[in-house]
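With the sequences and hints as input, model every part of the structure.
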Amino acid sequence: MINVKELTKRYARTTAVDHISFEVAKGQIVGFLGPNGAGKTTTMRMLTCFLPPSSGTATVAGFDVLEQPMEVKKRIGYLPETPPLYPEMETAEYLKFVGQLKGLSGAELQKRIDYVCERCAIADVRNKLLGKLSKGYRQRVGLAQAIIHNPDVLILDEPTAGLDPKQINETRDLIRSLAGSHTIILSTHILPEVEQTCEQVVIINKGKLVATDSVRNLQARARGAESILLEVGGRNGNLETSTVQQKLERVSGVSRVVCKHKVDSRAFFEVESQKGRLVRGDLARAVVESGWDLNELRPAAMSLEEVFLQLTGKDAPAEGAAAKGAQQQ
Amino acid sequence: MRNALIICQKELRSYFSSPVAYILLTMFGLIFGFFFWNSLAYFVVEGMEMQMRGSSFPMNLNEQIIRPLLQNVSVIGLFFIPMISMRLFAEEKRTGTIELLVTSPVRDLEIVLGKWLAAMALYSCLLLFTAVNFAFLFRYGNPDWKPLAVGYLGLLLQAGALLAIGTFISTLTKNQIIAGAVTFGVCLLLWVLEWVSGYDSSTWARVLAYMSVVTHFESFDRGVIDSKDTIFYATVIFLGLFFTARSMESLRWRS
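Line order of the protein sequences matches chains A and B. All residue numbers for the first sequence refer to the working numbering, where the first residue is 1 and numbers rise by one. All residue numbers for the second sequence refer to the working numbering, where the first residue is 1 and numbers rise by one.
Keep in mind that the hints were calculated from the coordinates and are not lab data. Nothing here was measured: the structure is a model prediction, and the numbers come from that model. C-beta: ideal position from N, C-alpha, C; glycine also. It cannot be assumed that every hint is accurate.
[Unchecked claim] Interface residues of chain B toward chain A, partial, derived using beta-carbon atoms under 8 Å:
id: 1; residue: Ile6
id: 2; residue: Ser14
id: 3; residue: Gly96
id: 4; residue: Thr97
id: 5; residue: Glu99
id: 6; residue: Val102
id: 7; residue: Val106
id: 8; residue: Arg252
Structural data, given as structure tokens:
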């Protein structure tokens, strides 16, 4: 549905987006991830025909953003970082205006307005001035505006920024429910958001593509070996962490043991195993046989956050490999 | 064209759902009302004096009231036009709503045209105030309506030219005050350029004077539709809107 090839945006002194390539299949939700200033907004603006690319191509639903911007614009719903609302307009009036701009009219327009009002839960503010709405409502009106013409592609720039936790969840649910019938790209710098909402991630940093993959693969790829969290307790009220650490290190298959922290006589360890070795049973036995309590033992799924830091961090060995992997796809 | 009308409608709604339109209308109504009352009072006093002297020289409403008043409106307009045009693009750029317009399937020229039409419509509303005053002349006197109609046409053309320039300036900044101030400066300059013809008749002076929007209004206030002046205004309108559309395009390359 969306096809980006070697997309580049150069300004006078900086290169905001540097040869980015990725693809998005129909009906997918893709998370566009990167720290602030990574070039997310610039890329999205190029996809929506707001900014022309310096070089490279981008096609949306088969139409090139430079050659046939009108066709692209018809098929895209766009929610910029700040919802583009006119404070002196009422919600319904505003949606009508946007609908007309997108080419709707008459009964169809009315039907769509009713539909998006219900879908985005803004029916109760239909006759309120946009300038008087709370942040959550403004965001949802922004979203309603983006889907009013039932576009094939939805581009959402940080749709949950500035919302409270309840609103964030509602907005995520709404976005998830829109997938399938719409192809969605959403940008964010909040990682759990991607884990919760998206099927695929595109990570960019300083204008360069760092990785593009499914959320699950990405977690797995960065993990490499299994990592296990252990909580060990001393029976008689004291516990020497260094002794426990030595004991754990001696278990075969263990590559690294880190003591995370210690509370009274309980200590928390993170144990990394070598690839392909199952060490959980041995670890448990080692702890119990030494006379300590094994309070907890669980595999630590690496969060996307760690993956992200690993990929965008300066000393990231995975960066080159991941980017190469991404380009091969 | 449909899109231009949608945008025009929206702009008009913005003018009239904020205090802008009402303040402009009130101020213009007050100022013009004073001018009208002033020249009417003068006309009446003069008329009485003439009767006392027994002069048979006919008094003429068109020449003595309508024509000077139209000239006044043309100058007052210079002060009001920046206030009409300054928000057109500057406001959209500041609040980010320009992103909505530009990413909608609408041509740049349609956006520009819609906004300019809305500004013209508001200016026409100002002119309606003058029409209310002039209506009294028709009720109690017997002026000729044709020169007045031509005068209105001239005012609309002049305002169209200045509004096109103002719209262009509004695309250059995010700040309404800057847009307003620069437009006001340009309007003022285009008015006083004419003064050079008072003491200088070299080619340069003639060119400068020709560029003054006010010189081109003189034929209209006499009740004459001069094709030369009509074409001048039409050219400025066209160029102004053309540059506005270009400026919108460059907005994307630069931003």
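How the hints compare with the structure:
no.	hint	in the structure
1	Ile6	holds (5 Å)
2	Ser14	holds (6 Å)
3	Gly96	holds (5 Å)
4	Thr97	holds (4 Å)
5	Glu99	holds (5 Å)
6	Val102	holds (6 Å)
7	Val106	holds (6 Å)
8	Arg252	holds (6 Å)
In this structure, none of the earlier numbered hints is contradicted; all agree with it.
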